[in-house]
Amino acid sequence: MSGVPWLSLIIFVPWAGALLLAVRPRLGGRAVRLLALLCSLSTLAFGLALLGSFDRAATGYQFVEDHAWIAALNVHYHLGLDGLSLILVLLTGLVAPSALLASWRQERDPRLFQLLFLFLQGSALGVFLALDFFHWFIFWELSLVPAFFLIKLWGGGAATRAAYQFIIYTMAGSACMLLAFAAIFAATGTLDFTQLAGLAASGALGVKLAALGGFWPEAVFLGVFLGLAVKVPLFPFHTWLPPAYAEAPTGVSMFLTGVMSKMGVYGFFRILWPLFPAPLHAASGGLLWLALGGVVLGAFAAMRQSDLKRMVAYSSINHVSYCLLALFAVAAATGRSGLTSEPAAAALSGALLQMFNHGLSASALFFCVGVLESRGGGRRGLAEFGGVRSAAPVFAGLCGIAMFSSLGLPGLNGFVGEFLIFRGVFGLAPWAAATGCLGLLVTAIFLLTFYQRVFHGPRAGAGAGEFCDLSGLETATLAPAIALMFLLGVLPQLLIGLYNPLVTFWAGHLTLP
Amino acid sequence: MTPDYTGLVRALLPEAALVAGALVVLGLDLAFFRRRAAAFRLRAAIAVAALATVAAIGLALGGGARGEVFGGVLIFDSLAVAARLGVLVLVLLVLGISTGAPTPRHPAEYAAIILFAAVGFTLMAAAQQLLLAFLALELASLSLYVLAGFDKSRPESVEAALKYFLFGGMSAAFLLFGFSLIYGLAGSIELPRIAESLAQQGLSPLLAVALVMVLVAFGFKAAAAPFHLWAPDAYEGAPTPSAALIASASKLAGFVLFARLLWPGLHAVAGNVAAAPVGGGWLPVVAVLSGASLLLGNLGALAQTNVRRLLAYSAIAHAGTLLLGVIAFGAAGPAPLFYYAATYGIATAGAFGVIAVLERAGGCEKITDLAGLHRRSPLLAGCLLVFILSLAGIPPLAGFFGKFAVFAAALQLGGAGGPAGWLTFAAIFLSAVALYYYLVVLKQALVAVPAEQAGPVTVPGAAALTLLAAAALIVFFGLCPSLLLDFF
Amino acid sequence: MNLLPWTIYLSFGGAALALAAGARSAAAARWIALATVAAAWGLVLAAAAGFMPANGLQTLADAAWVPSMGVRYHLAADGISLTLLVLTGLAATAGVLFSWNIEERTGEFFAFYLTLIGGVYGVFLSADAFLFFVFYEIAIVPKYFLIANWGSTNREYGAMKLVLYSFAGSALVLAGLLWAYAAGGARSFELQDLAAAAAHFTHGEQLGMFALVFLGFAVLAGLFPFHTWAPTGHVAAPTAASMLLAGVVMKLGAYGCLRVAMPLFPAGLAFWQPVIAWLAVAGIVYGGLVALVQDDFKFVIGYSSVSHMGFVLLGLAAANVRAASGAVLQMFSHGVIAGLLFAVVGRIVYDRTHTRRLEELSALPLHRLLPFAAVTFVLAGLASMGMPGFSGFPAELAILIGAWQTAPAWAAAAALGVLIAAAFTLRVMQLAFFGSAREVPALEAPATPLPAITPAEKAGAILLLAATVVVGLKPDLLLNWITPALQSPFFQAVLKGGAP
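Taken in sequence, the protein lines are chains A, B and C.
Going from the first sequence to this note's numbering is simple: count from 1 and add 663.
Going from the second sequence to this note's numbering is simple: count from 1 and add 149.
Going from the third sequence to this note's numbering is simple: count from 1 and add 3.
For the record, the hints were derived by calculation from the structure and aren't laboratory data.
Treat the hints loosely; a few may be bogus.
[Unchecked claim] With a straight-line cut-off of 25 Å between C-alpha atoms, the simulated DSS-like cross-links for lysine-lysine are:
hint : chain 1 : residue 1 : chain 2 : residue 2
1    : C       : Lys499    : A       : Lys871
2    : C       : Lys164    : B       : Lys515
3    : B       : Lys312    : B       : Lys515
4    : B       : Lys301    : B       : Lys592
5    : B       : Lys301    : B       : Lys312
6    : B       : Lys592    : C       : Lys164
7    : C       : Lys477    : C       : Lys461
8    : B       : Lys592    : B       : Lys515
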């Protein structure tokens, strides 16, 4: 196993696929799609292979690749995999091919579409695996470009504006993060996350940054925070998301919600928290409110939508905010005397699990909405459908499962994550947990409303006409996710086991430097 | 003390050659060529004149006259030797140019008067005595007045000559009066004695009057503001080769003469412009003249549409820089001044030469008449490019080094603090203004499309050779300036 | 290394040859020009391959020129010069490739072009201030004729404005240099000697001299608010000239600031530093904001050049090795990127569509009609934004780090510029190439196909793209030359600190 740069392969095989598609303009439609799907599936293949040889007991990075790269900036080509990255790699390996399958019927310039998609996939994987700011930022920024074009060129009516908003917003955040890391390098001389985490743990990072004086140390924290917060998105930096998710084509929405939103959360766990434990703790009071805002207001906003895609988009904001709720609660409680590690471990474990589960369920939901849209001739309003269940029972069934998973029904995967989060947060910041429950309630309301209006009742709107049930391809796209929803609902330890030592370690070392 | 006539004759052999040449030109034409066509007569006259000039150059180079001659009336120091050679080369260039210009009515007389003017210039370069200086100056000036008015068919030419003559006559009167006052105060007409005497006397009101008189004449000769009013009309009206001669050789000789007069002669009452406050003397006045010329010349040129008037105003501006060279003469020696004046002369003569050829081919009054020169005659366009860029002070041409040498010398006087420094900075910044109007000329020549009726221009062989030689000299002296600068 | 002076001689010789050949055949002139620039670039690359950073400038040629004035013909190179020489060769070669279609007065075009290149090579190789100035001025006049003869929008005005600003800047430099020369005893123009003499000048003298020399060079570098010549001039210029002007000639100004103004008068820099830094920041932000509202494609690029050069000047103003190395890297990076952008706009798009107005271009489905141009522009645009993976990113990162070390506020303001750059680049990308992305049905061929991309254009574009990607992923290639040069004793008085 050693000697083979697995992690580099994971990142670069999709990119190689993209390059291949770029330089062979005359490949036929079928060949293009197959090649893209193969490259995309490679991630899953590699991920499973790594799963096999992953040492679950270790908390450090495995399969590490570390080569000197740019001496002038002390940059190393540093990749590493731990439990957190592994589950995200697996998630990407699952969501990406299903997104491609969802776009199988895409007729407009399929080669360019697949090419951009593979490039996006590779970049996302790079974000999850890179451990030095230089190439981490390369992947972070490079993921924006294909996303921009995918939304803009294949999206809906207001796609251009949505794509612009998306990229400008995210780049604004990235500019802040770039500045912050320039300052960090100026103070410490390194951009490596592991080294910086070590410095932060010993308190040296805080001291070096404090040497700047004035409000600049806080500005550095704020810069990194903003860069990540925009990506998640954390309320109130979320306004770019509903248009972007709504206007994007189905496959792209699936990937955006499934993987790209996790990039932001991953950043919080990998970068912000280890590097700035004290500032995060200091700000966590306000940040908890922001996370709650995302939870509650996201859910309420979803409830008020009539466009199904926007509904799922707001619901995404809500679900992802749970992860951050957990993290901020843990940060708020850090250093408090009398704290046991148990609630913290639960909260953190729940957050990671929620990342994976939401990725599955949200992308499945977007796929279902996409099916509705394609059957309905482009319409996707809540009022446009009715009684679909009688026309397409299989579809209704699978969609229902996805919906319930998103809702957090016990027995499906969504429940475990949310349960753990709430259990942990209740132990750390009870009032936050109580307020968050509101989100759960409202989520249930709008999801059930959605199901009831669209699937139940008399056949109306688009559901009244010709409404075929799921084709083979569509079933194949949805089925793996559904199966996993059941599996992980019953056996969540399949995932938890991958990162449990890591979470336990985090929870056991909640000290301020 | 017995006058050393042999020494004098030996020293003045170049002048003799020139005079002989003039007489031969006149004689040949009178005797043999009266019936021939004007073009032939011109070529013959120029050929003989050129031969005479070359002979003079050879004699000036080879002749061993160095140091004082004839009891101090003439001096052949490095400046004099260089200036004589420079003047003769410039005269040769002007002779070459005149083959390309429209043929004058009396070609032999034209050539002869040019040679007489040359005699005046070479004597000006070596004069160390007030009387000889005045004589030489008058010889040159009278010749130039005639040359300016040579084209009787054009009223502008007559007007130019008249203006030039009136102004020149006035300034000659001023000069003579000034000289007489100096003689009265110093008791001698030889510059070394004058210098000694004034060193003891210091600046008295009468001496101040004398200085003013001398400076007025200087200003006129140099076409420096505010004594410049004759220049635009003279340059515009006179036949082009005459204008070329006025702009080049006359300037060089004039500056050398006055520089010698002021520095070795009157340096005792020079004053000081290195630092503020200025010391009393003629230096502050020269500084004022310099500044005024720079301003007036550059700003005046901006508004011109006639190409000759533009060159006239540029001449005024260059006079300003040359006066700066005169200011720096005391500390830095003659090298910057001479280099600048000589190379400026070549460039101006060349520019006038291009205009002359165009005039012959159909007229060249306005700047727009130069339109499309690159298509009508690439040779002329290329040469004009070299000449104009040298005037603008663009490296690696000689004009750049001239400016550079003068500015460097001026700044060494007192750094940036004193008037000399400010003047230098002003000159540097105004050269950016100058580039604008030079580019306007080049724009017509190299960018604009030719007018419909403007056909290709054929350049007569001798004129082409002359222009190429001038361009080559400018490039050569630009690449190897030390040849001239280290001569002193 | 010793063959580097031949880059100058080859260029001037090639200019004369091209002029002569062009009278007979335009094709001959083109090939002579291509051979000349390629040969010169080859020499530079050969020197680069074997380059060993030494402690400062390595002399290539040294002869007395005008002994009485202390002027020497002294050519030398260090890592900074070498980086910029590589850029010059690259931009020149790409420029010739992109000028392949000039039919009018081809010989003269390439004669002026090669003279300009020769002057630029000379500037980067000079170690004597006078020689530096001579080459600097030689490079001025060909610009006028290149723009006025072969340019487009408002060319005579643009040419005159550009040249007069450049010349005015050089007049300021001359004033400052002569002052320093005179004050130092008028013995020598060698940069080292001037620096040594300047150490003994009074504080007031240093301030004044620095102001004159730095400002003079900074005008050519496009320092706000003396930058207005740049967009006008670059838009008016023909493509190859724009590539060279924005890509290389603006760097002459920045190089002059770094090589001449700063080491000679460190006290002056210390005094004027905040002014320069804030003007640079103003240029970054203002240039970007103005680019955001332009209707002419080329003007967007022109203003973006002002914005990018603001980064360079900020890096220099920060006065430490890290920021200065970022500045030099940015000089290289922007040179390549600007070349690419102008090539796409001028040659690939304008020559075919005959319009540069974004309003009109957005009606054409250019990403279908000119896919190569679209891709090239997208990549060039990303590079221009400072997207990681391209050469602009390590350069801007280094500048931000260095600026932060001197004054965090400057870095924060500059980071704003990064964002604005993203905004205007995306806007122009979308309007120009993807404007009608919605209206064209998927499988329909475009109504009137545009002329295909020529091999010369492809070669030029790929060359430039490759350069920016390679340097973006491995900036050490250049930083290994640049940083030792900046740490040499010559810069010690003015630049703080070696690299950590």
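Hint by hint, here is what the structure shows:
no.: 1; hint: Lys499(C) with Lys871(A); in the structure: 19 Å, holds
no.: 2; hint: Lys164(C) with Lys515(B); in the structure: 23 Å, holds
no.: 3; hint: Lys312(B) with Lys515(B); in the structure: 22 Å, holds
no.: 4; hint: Lys301(B) with Lys592(B); in the structure: 33 Å, violated
no.: 5; hint: Lys301(B) with Lys312(B); in the structure: 15 Å, holds
no.: 6; hint: Lys592(B) with Lys164(C); in the structure: 13 Å, holds
no.: 7; hint: Lys477(C) with Lys461(C); in the structure: 24 Å, holds
no.: 8; hint: Lys592(B) with Lys515(B); in the structure: 13 Å, holds
Violated hint for the displayed structure: number 4, the only one.
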